[in-house]
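Participant: Using the sequences and the hints, build the whole thing.
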Amino acid sequence: MISKFKPTWMIPMIYNISPVKLEDMGIKYVFTDLDNTLIPWNNPYGTPQLRNWLNNLSKHNIELVVISNNKRSRVKKALEMLDLDFISRSLKPFPNGINKALKKYHLNKKQVIMVGDQLLTDVWASNNAGVRSVLVKPLIETDAWNTKPNRFIEKKIWKNLNKKYVDLKWQEDIND
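For the sequence shown, our numbering assigns the number 5 to the initial residue and increments by one for each residue that follows.
With a straight-line cut-off of 27 Å between C-alpha atoms, the simulated BS3-like cross-links for lysine-lysine are:
| id | residue 1 | residue 2 |
| --- | --- | --- |
| 1 | Lys160 | Lys173 |
| 2 | Lys32 | Lys104 |
| 3 | Lys113 | Lys75 |
| 4 | Lys168 | Lys8 |
| 5 | Lys81 | Lys63 |
| 6 | Lys104 | Lys75 |
| 7 | Lys10 | Lys104 |
| 8 | Lys108 | Lys25 |
| 9 | Lys173 | Lys8 |
| 10 | Lys32 | Lys75 |
These aren't lab readings, by the way, just hints derived from the structure by calculation.
Facilitator: Structure below.
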């Protein structure tokens, strides 16, 4: 069961993911969580670093789709200035949102990765969907109230993951 929480890669932040490496791996779409992964949960306007990374993805013909458990109005408002497509109410850790995006964009599982900052939602959903996952550190140290219980549970999961997978380590980019 603990293997359901094991990410494929662990990197400090989403902006470290190299579009060149994604292209070399045949990745056409990056699916990503919204809050504390793509943008800080309390700052929906994005950063210059985010905009630069999105431009680099675009140069390599890689699309980005947000897959969030948030309601449609929240995700739409957060992404207005970024002009990104999204799947809201994705029901992570269930694979519903990921599977919906795979179907919508006519993709196979090898053409995507899922990026998120939580083991209990993002990584578990990725593994449930059979999609490679990238765990990132939260962009800011604080969380929305509804994420705090997950962080508490994640501490226990980390202990078990580290016991079973002694080679689990943070890297600067995927495939490092």
